[in-house]
Every structure is written in structure tokens, then in C-alpha cells.
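Visitor: Residues per chain are reported as follows:
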Amino acid sequence: MLLLIAGALAVLSVRNLFVATMLLGIVSFTMALIFISLDAVDVAFTEAAVGAGISTVLYIGTLALVGSQEREKSKFAPGPLAVCLAVGAVLYYATYEMPRYGQPDNPVHTHVAPRYIEDSPTEIGVPNMVTSVLASYRGYDTFGETTVIFTAGIGVLLILRQRRRRKKEVTTEDPPLRDGKGGSISGLGSAHDLVPHVISKLLVPFIFVFALYVQFHGDYGPGGGFQAGVIFAAGIILYALVFGLDFARAVVNEKAILFLISAGVLLYGGVGVVSMLLGGNFLDYNVLSSDPVAGQHLGILLVELGVGITVTAAMLAIFYAFVGRPELLIETSTNAEQPGKERN
Amino acid sequence: MMFTLETHVLLSLIIPLLGAIGIALTSSVPNIRETVTLVTSVLLCLNVFSLLPGIMNGAEPAVLLAEIVPDIGLALKVEPLGMTFAAVASSLWIINSIYSIGYMRGNNEPRQTGFYICFAIAIAATMGVAFSGNLLTLFVFYEVLTLSTYPLVTHKKNADALKGGRIYLGILIGTSIGLFLPAIIWTWTLAGTVNFVKGGILEGHASAGVTGVLLFLFMYGIGKAALMPIHRWLPAAMVAPTPVSALLHAVAVVKAGVFAVLKVVIYIFGIDFLTTTGAAEWLTWVAAYTLIAASVVALTKDNLKARLAYSTISQLAYVVLGASMATSMAVAGGALQIVMHAFGKITLFFCAGAIYTAVHKTEISDMRGLGRQMPVTFIAFLIGSLSIIGLPPLGGSWSKFYLMLGAAEADEIYLMIVLLVSSLLNIAYLLPIVARGFFYPPLGQSDEPVPVGYEKSDFSWRNIQEAPLFCVLPPVLTALACVVLFFLADPIVRLIEPILTP
Amino acid sequence: MTALSSQFPIIVAIVPLLAAPICALFRGTTLPWAITTIISGITFYVSIQLMIAVIQGGPISYELGGWAPPWGIEYVVDLLSGFMLILISAISTGVLLFSRESITREVPDHQLGLFFAAYLLALTGMLGICITGDAFNVFVFLEIMSLSSYALIAMGANEDRRALTAAFQYLIIGTVGASFYLIGVGLIYMMTGTLNIADIAARFPEIEGARPILAAAGFIVIGLAIKLALFPFHVWLPNSYTYAPSIITAFFAGTATKVGVYLLIRFIFTVFGVNYSFGGLELTDILLPLAVLGFLSMSVVAIYQTNIKRLLAYSSVAQLGYIILGIALASESGLMATIVHIFNHAIVKSGLFLSVGCMFYVAGSVYLKDLHGIGRRMPVTTFGFVLGGLGLIGVPLTPGFISKWYLVVASIEHGGVIGYGLVALLMVSSLLAVIYIWRVVEVAYFRDIPEGAEKKEAPLSMLVPTWLFIAASFYFGIETTFNVGIAKATAAFLMGGS
Amino acid sequence: MSFGFFNYWIFIILLMIGLYTVMSRSNLVKKMIGLSLFQISVFLFYISMGKIDGGTAPIVVETGADGMAPVYSNPLPHVLILTAIVVGIATTALGLSLVVRIRETFGTIDEDEILEMEDKD
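Protein chains in written order, with numbering that gives the first Met the number 0: chain A, 0 to 343; chain B, 0 to 501; chain C, 0 to 497; chain D, 0 to 120.
One chain only, chain A, in its complex shape (with noise of 0.2 Å):
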């Protein structure tokens, strides 16, 4: 615990940015531990997932980008300060009356949550009870999160798809891509390191394993589709790191990543209208199938399904879209007439 609030501190002071990057990781990291400590094992699996991988990764693809070192001045703000700590002392004061932390009479714990500890296992059959709300009784709001990611992909492919219309700053913009730390993985692969592509080559097929094993067996165990994901995600972004963006765009190229993410939640949602066709409400598995429980069994399913699917292809199309960027720059500069026809 203390270890948090150390590595937080020293994420404040620390100027380097790529350190900064690195010690959010274990922050991150540190808390997925205590997540699992507090029983909340989907959570740790997730936020070591993202927290620790995928966003450091797009940490470090930026400062790639844009350069790690944070400019020397070390100011101290007393507004902003003030403001930190009364919301702080709001949050202080509020503590003082709050429900004891982990006593089982707890309005949380009496509420509302008693129904899906104990019936979400007859009613939906799934032994995870955070993959039954996940995806039945919350399943819209799950829905809202696929959207969330499908709209960050979308969001950043806007963003990172626009050519410059200032054109002459591209060739002075180059540098930064090697200057820092992380300048290795701007796309272009180690070439000439042999142990990493073995072992790599090695790993990737047994990451894709394991994410098909997240994604399907998230009924019994900690996991499902968001996780699986991001696994599958991080599995073709090591392919990519290792070989070149170019080998990776090979296997699942920009155009199919578009369609996937969207095919995600047309799947999501389908099965959204689906149930509605057959004259449940939107999102009730009970009517895909003549038993209630396999309905509900089918639907998350397929749901899953469409999270891993989205969540996999909103990834990937992140990472390519950050670290395809300079290619892009540089096609846009050099044929400027015809921006980037292949790509689109």
C-alpha cells in the first residue's frame, strides 16, 4: 500500500517522463496486487492487463513520439495544491461516517448484490458472478464499455489519421523518433537480434492460446472477453515490436481491424436485437434459448465474444495508428499529392 503512494510521489517528482512511464507500470502493477488481495481477481487480471501493459506500451509509443524529457523547471503550485486538499479533507471528512471497511452489514453488501451472489448461479449458470453481471445483468452497461473502446479507436484513428497541412516542419520532426528511450519500437523492429525473435516466435503462439483460454473459460474462472483481448492484442503488438509494424500489418491488416472493431459490437448488439426479434426485451439471453439458463449460457458467449473482438482490434488499431504514425508522416511529405492512398 505504501508502495503505491511512494511510486505515486516519485511518479510527481521524477522528470524524466520515460521513468515517470515506467514507475505508473508499477503502480499499476502494485495495484492489481492489492485487487487480488481484495478478492477482486478480474479486476487485478485487467488492470495488470492495462495499466501495466498496454497503456505503459502506449506511454512509451508517445514519448517515442514526442520526446521523454519533461522541461527543467521545477515549480510548486499553491492553487492547485489547495485545491488537491480540500478535496482531499472532503473525502477525509466523509470517511469518518462511512460503513466500516469489509463488515458484511454494509448497505453495499446488502443491497441488490446479495440477489446475484445467490441466484446468478441458477438463474445465468455461470460460476463467475463478476462475468454474470458482467454480461447479463449489467450487460449494458458492458455494452456502454465496448462502445467506449469502439469509440476511442475511432477517436484515435480521427485524430492520428490527419495529414498535416503544414508540411515543411515533417523533416525536422524526425529525430525525436530515435532520441528516446523507447526509440527502438517505433515500428521498426530489432532486426538483428536473434534470441528475441526466437523466443519470441516461441511465445506468441502460446499468448494466442492462452487469450482463447481467457476468453472462453471467463464463465469459470477470472477473465473473459476484455481481458482476452487485450492478451490477443498484446500478442500480435510483441509480433509487431519484434518483427516491424510491416510483418504485423501482414497478418491483420488496418483495413480488417477497421472492420473488426466494428464487427465486435455489431456482434454485441445483434445479439442485443436478436433477443428483442424474439420478443424479449434488449440484451435478455433467456429467449435465444428454449432453457433459460442456455440462453443466458449462449448469450454471454457470444457477447464475450464481441468484447474480445472489439477490445483486440481497437488495440491494435491504437498501437498501429501511434506507431504507424511517422510512416505516415513521412508518405504524407514525399507524396503529398496522393496522401496515403494503400492505406486507406
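Quick caveat, the hints were computed from the structure, so don't treat them as lab data. Do not take every clue at face value.
[What the hints assert, rightly or not] Here are the simulated DSS-like pairs of lysine-lysine, each with C-alpha atoms no more than 30 Å apart in a straight line:
#1 C:Lys-454 <-> B:Lys-162
#2 B:Lys-360 <-> B:Lys-155
#3 B:Lys-156 <-> C:Lys-368
#4 B:Lys-300 <-> B:Lys-155
#5 C:Lys-368 <-> C:Lys-454
#6 B:Lys-162 <-> C:Lys-368
Since the structure of chain A is already known, use the hints to place chains B, C and D on it.
Guide: Leaving out everything else, chains B, C and D in the frame of chain A:
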């Protein structure tokens, strides 16, 4: 009568609006466009006058246009006072249209289509003000009037126009939204209605103090009544072409202001209620002050239109004075003043415009001897002046007479003195213009269109260089009307009598 | 048909959502636009049907996934949310009709598919927020709306690079706001054990004195205040509105902040209840000064702007002050003023931004210095702008007048020095509005047309929707049975519901 | 458990650090990092309230050896936080992509410098 009274009421609004559309459609052919204007104005006038017999018989046609706020709609209701106002405005519009054509063409003004459209809309708004059935409707049309006249005021689109337009809009919108509107809403929360009801609606709902504050809000909220110190917009509006000044700033707009004052005093506060609370005491003195002060300022102005503007401010104060004395005679005097002053003042503006069209003079000191060149114009000017001063046998004498009676009724000796002094001041600032015109020799300077060598000669037909016929005819007509009105005072008083007797 | 109509609540949100991925896949300029417009039209139609159903039969509840609340997520359509649905979908449709010509100029062709997908997602987010009955679901849709809006605003970078920083600033502030909201909801969940808004409201009286609830209320109000750009949390708004593509500005100006206001009303009146909000929390004391400061200071700031979009953006913040003022007065007439003004301001402001969009289309700039004599270059557009501006000022026959009327009524009812003081301040603020609108008018009509500027109107496909908004604003300013009637019923419903 | 509100306090401190980073740092990436920190702290808050002493992860297991039905922690906050994490990563991705574009167009990612440049625009 072709239709029911209600239809005629509606038509009064619709005719000018249709006219505006017609003008827009025929903008490419000036002759047809002007014909549309004239036909519209004649139709409107006929329409308004077709209401007259019904109103004389005590009918009160009402029309609900729309409900803006629950329980308060845009409602039209014709009562004698509004009838009077509408009749004056619509009949003067015909004359003014003729005059506009002469003036606008004579001066080759640009953007004439826009001018006529805005003019028609302004007239529609005036009709709306005249026939409004409640405060809200009055307010709505009052604002429409302000906004539709803004393009007219700034017609010249130069720096002066811009500045004048700013003052015009700033004061009128400022006071109406800042004071008038809150007063309306306040009235609504107090009385639960804002309908114009004979005898007032506030009695029993408001204490003396609140009444005083409300009256203050109303009187200064109705900026168009040009009470000092919010009179600045009226001189500012003189940057407009003269037909605008003539009809709108001597008749429609300013009269809408004082008309609103009368309406508020009579139908919202109630004459008796005001008398008993004495809340209007201060208003009397403000009006009296405005009356004198504006006259004095008028004396100092060399620009003819500016002088007329201050004269208007002073004359408007008569109406407010009449309202504030809150006796039936005084209110009758106020109502008469609306009519009489309208004809008198429009004559003067027409003359000012005719002079400008003919010789492009705006300063009084440059107008020496012009009477010999433009005798008809100057005689009309003389008649208008006399009417405003209040000499028989001209219409203006009646309004002054009733106001005096009202002051006497209220035992206000000082006010009678004020009225007397003011009449003297009127003489002092109006008659010298005529006197210079006729009795002084013309300026012998080179820019004087009268050729050197003729300046000592007496009147001769060869010297006459009047403005175009369309510019000269209207002042003659209105001057005649001033005379005629002297004999028509009785029917007008009978028309508005019902509102004075509770 | 009955089967379908029983699904209407979900259809409203789900149709644009599902259309978004489809739209993202299409290339070309026409198809994505056509899809988006049709979809938006469908939501508009469904919203109206829902509203009719609500008026006839009371609030509608829809259980997602067939799970009864509070276990499942519930969609609730009552008067307020129905009203918001209609407003949002109507404005969206109108803006889309306009967008065809405008957006092809401001956004590169190959991105239009994605652009409209993001637009649909923003629409989904707004509709979802308004219709859901679950506090956490609100957060999810809030984020859908926000994320897509960051991206959409950043699209303005094609014209002005400052769009990027504006979007980034909005992202940071918006995320902090959303997180505040999340903390607030967490605290409430902690105390009540439920996330369903109706359920929270039902359990609220038991725990309303507790400190965490106080903190929760604080976090939610502040979080939402950030989202709705209440002064002094408005810093993100002027930049975002200024640099976003024209149609995005028009769309968001009418809807995005209004959604925040909707949530605030929901929480203050439905969840916390009037007694707690204004008795326990003294929200009046907090919101009222902010609202007043907001509309006064922002109107003044608006006067000094040299960019029309920025001027209107500041005016938006000022107008939000009016809206919040109505809430702060905590009376039925105040609330009514708020709801009426949400509606009126949305229409007027969207119309204004669209007319500015026309100007941009022709003149290529929205700086006052480049728009000299625009009133003569583009008479139709500029006249529309002037009429819309009159609506902002609150001239009678415009909807702004209706709003102002009720605000003043509410202030007078509030009584005392504060009430009458407010009346005076409201009037001062209206006059400030006159000044900033008239600055534009004078530039438009009194300055000489620059050399070489051609006299040309925007294409009809842009003019017609613009005038649709302007005409609608006048319609609702005169025939007020729809907006005022619903507002009145809603206000009574919300005040009585506590 | 001995540490009563300890988790909540950690949450508060983390939140304050995150918020302070967002507000005080002018480097845009640092701002994003602060924002991530801020969001992570909220996750901790939610998960903490779902915990029950002696509880276990909310996945159905066979009845324990002692014959007692196992106590599960509340799964609902977990679900909520799963969603929130996704939202967090989505925000981060978008924010960072904006940073990249800002760096390209302005040539810096320092807010103060950007503001200076904007004033010149």
C-alpha cells in the same frame, strides 16, 4: 363594413405586413413598389376607419393571436384611445407615403426597398401597439417597433448613423428590457393579470410604496415617451431621412410611447387609484421639468430637425403631464395632445424635409429668406407652429385648453404657470424660423441658389423654387388638417370620453 | 406495432449506436452522411412517439436484459427525459441536414465515415444519458459522449491547430469531471448499495444526513458543473466551441452542456430531493452566486471577443448561468424557467452557430475583421443571425423572451433583496447581450465590404436548415404550448416528486 | 481487519497526488500520467468497498472443508471497475494521440510554451 370588427382589427396588422411583402416582391420596379406602398396605406386607413363607427357605439372587439405565456396571450382589443391613435397613425401614413416618395427620389437615397419594407413593418407594429389588449402585447409590439425602426434610423449607414443608431437602440432597448419588462412581470405577479381593464388592475394589490416604484419603472421603462433624462435617443434618431423623422419620430414611435403611458395610467393603475395614493406626484414634476427644459434646449439648437426633436420631447411631456395629473380633464387633454401634436409636428417635419430636398439646408441660420423662395412650405410651417403653440383656430389649442382645465381641476396653480411659460417658449423657438424665412433677406453667398442681384427683390413667382410636388403637397394637407381638427375636437372628445368616466 | 413500440426506449439509444460501426466502414462522402441523417431522423421520430406515450400514460420503464431494477439496468422515460430526447434528436437532425456541404469542406473526405461514426456515438451518448435510470450507466454513456466529442473537436485541427489543444484541455478537464462524478456515485453506492436512480431516491431519506452523502453530493455537483461548463468551470468550453468544425459546434452548443444540466436536475430534484438539496445542502447559496457571476462576467467577456464563434461560446456560458439560476431558485417557476431555457437556448444557439457556419463557408473566417459588410454579402444568412441574436437578447416574440419572463417571475417570487436584485442583474445581462450581438450587427452592416469579396450566399442546403432553426425559435417564441406546457408539467412533476 | 479506513485514506492520498499532477504540471504527457493515477485511485476506492472480511473472490467454489458456505465479496464493484478501467484506457489512448498531434503541430508538449504560441496565432 365588409367584415366583422374582429376581422378588421386583424386586418390592421395584416395589411401593412402584406404590403411589406408586396414591396419586397416588386423591388425591381420602383413605380410599382411605390404604388404598392400607397395602396397599402390607403387600404389600411380605410380599414381602420371602418372600425370607427363600431367603437363609437361602444363595441370592444378583441382578438387572441397566440398564447405566449399561459393566461397571457398576444391579444388585441380595440378601445377608444387606441382607436384614436390608430386612426391618426394610419391616416398620416398615406400622406407620409406620398411624401416619402418625393423625398427619397428627390434625394436619390439608396436602399429604398428596405426603407419601405421597414416602414410598413413599423406601421404594423404601431397598429399592434394601438390595439394591444394587454401589457405583454403592448410590450411585444413596442419592441418590434423599436427594432423595425432601427434600420430606418441608420439608413444612411455612415458613422453618424451608426452612432445615432447605437444611442437609439441602446436607450430604447435598455429601458424597455431593463425597466418596462420587469414592471410588467411584477404587475403580473401582483395582480395575476396584465390585461387592460378599465379602472385599473392594481388597486388592492399594491401598496402605495410599491405603486410608486412600479410607476417609476413604467414611466422610465417606456423610453419612447422621452421623459428627461432618457430623451437622448430622440435627437439621435434625427440622423434618419426626414420621412422617418416625420412619421415615426413625430407620430408613430413617440406617440406609441406616450400612448403606452396613458394606457398604463388609465388601465393598469387606474386614474382614481393614482389620485388616492398620490404616487404620481413626482411624475408631474418630472414632466413639468422636461417640458420647460426641452423647450429651452430647443431654443439653443440651430439644426432645424434637432430643434424640432427637442420640441417633440417637450410636447410629449404634455401628455405625460396630463396622465400624471390623473384627472379626467387632464387625461383627455393628454389624449387630444396625441392627435393634435401629431398633425402639427408632422407638418413641421415635412417642411424641414422639403427645405432639405429643395436647397439642402439643415441649419436654421442658413434659412434666411427662404420663405420667399418656398412660400407654400413656410406657410404650412407657420400653421403647424401655431397649432403646436396652441392658438385657435388650430387643433393644438384644444389640447392645451383641456390640460389647463385639468390643472385647474387639480388645483395646481404652479402647473398652470408651467403650461403658460411653455407656450411662450414654444413661440420663442418656432416662430423665429418663419420670421427669418419671410422677413430676413436671403443670404447673399455663392452657395445660395438664389442668384445675386435678386436678393433685394420682393416676392415674385419667378423666385419660387419649391421642392417636388410630392414633398410640398403633404405639409399643405397636414396643415389644413390642423385647421380642420379645431372643429373636429368634439367628436374626438366624445370618442375617448367613455374611458374617462369610470 | 405494439411489440415494436414497447421497445422504443431502447431503440432510441441503440439505433445510432449500431449505426456507428456500420457508418465507420463506409467510404465516400454521401453515404455516411445519408445514413447518419436518416438514423438521427429515426431517433427523432421515436422520441416523439415516446413523449406521446409518456404524456398519455405516465413514465415508461424498460428493463434491459429482462432484469428487474435494481439488479438490472433500467431505462426510464419520464417527462423530463422525453423532453430532452426530443430536443437532442431534433437538433441533431437539423444540424445534420445542414452538414452535407459544410463538413466536406472542413474534414477530409477519407475521414468522413469515421467522422460521422463519431458523431453518431456522441448522439448515442447524449440520448443514453438522458434515458437511463442507472447512475453508473450514466457514467458509461457520459464517457461515450465525451470521448467522441474530444475526437470531433480535434477534427477542427484541419482549419486551426488550436483545436488540438482545445480538445486536449477538454479531455483533461472533462475526465476529471467525469471521475468526480464517479467518486460521487461510488459514495452513494457505498451508502445505499444500489445504483438505480429511483432506488437510490427511495433509500435516500434514511441516510441523507450522513457525511459521505454530503461529500457525494458535492462531488456530483462539481463533476457535473465541470461537464456543463458552469462558471468558473467553463474554461474548456470557449476554446472547444471556437475551434471545432462548424456543425460540431452547432450540435454541441445545443445539446452537450444541456445534457449536463439535465443530469444536474436529475440529481438535485429526483435523487437528493428538493428538501435535501436546498435544505440540507444549501445549494442555492452555492449555485446562485456562481450563476449570477457567470452570466454577468461571461457576457462582458463576450463583448470583447473578436471571433464570432468565441463570442457565441462565451454567450453560451452566460446563458448557462440563466439555466443554473433557475435551478438555484428552487421553485417551480424557477425550474420551469430552466427547462424552457434549455429548450429555447438550444434552438437559438444552434441556429446561430449554423449561420456562422454559413459565413465560414463563404468567407472562410469567423473573425469579425474578416466579416466586414457580411450583411450585404450574405443578406439571408446574416439576417438569420440577427434574428437569432434577438432571441439571445430576449426580445419579445423570440423564445429568449419566454425564458427571461419566467426567470424574472421566479426571481420576484423568490422575493427579498436577492429576488429584486436578481431582476436587476438579469436585465443588466440582457443589455450586455444587446451589446455583443450589436457588435456583430454593426460589423455586418456598417463596414465596407472588403475589396474583391464576392457577394454570394451559402448553398441552399445550408441556408434552409439554418432558417429552420431560426423559424422554429420564433415559432416556439410565439406558440408556446409545447415548450412551456411541457416545462410546466415537468417542473410540477419534479417538485412534487420529492 | 485492523486497518479500518486505511484503504480509503490511501485512495484519498493517491487521488490528491494525481489531481495535483494534472493541475500543476505543464508537460502534457505528465498531465496524462497524473490523470491515469487519478483514475487508478478511484478504482481502489470502488474495489475496497466491495471487500468483505474473510470473503473470497466471487467465483462459485465448492463448499469449504468446514462445511460453511463461502463468503463472496461483492461482485458489482468489480464489474463497475472493469468498465471504468476500459474507460480509463480509452481516455488515455485518445489523450496521448492528441499529445502526439500537438507535438507535431506545435513542436512542443509543454503547455506554457504552447500557450505562448497560441497567443501569436
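Visitor: Would you mind marking each hint as holding or not holding in the structure?
Guide: Do the hints match the structure? See the list:
For the proposed pair C:Lys-454 and B:Lys-162, the alpha carbon gap of about 26 Å is at most 30 Å, so the pair holds. At most 30 Å may separate the alpha-carbon atoms for a hinted pair to count; B:Lys-360 and B:Lys-155 meet this at roughly 17 Å. For a cut-off of 30 Å, the pair hint linking B:Lys-156 to C:Lys-368 stands: about 18 Å separates their Cα positions. The suggested pairing of B:Lys-300 with B:Lys-155 holds, with an alpha-carbon distance near 22 Å, which does not exceed 30 Å.
Distance hint between C:Lys-368 and C:Lys-454 is fulfilled; the C-alpha atoms sit about 17 Å from each other, no more than 30 Å. In summary, the hint linking B:Lys-162 to C:Lys-368 is supported, as the alpha carbons are separated by about 19 Å, within the 30 Å threshold.
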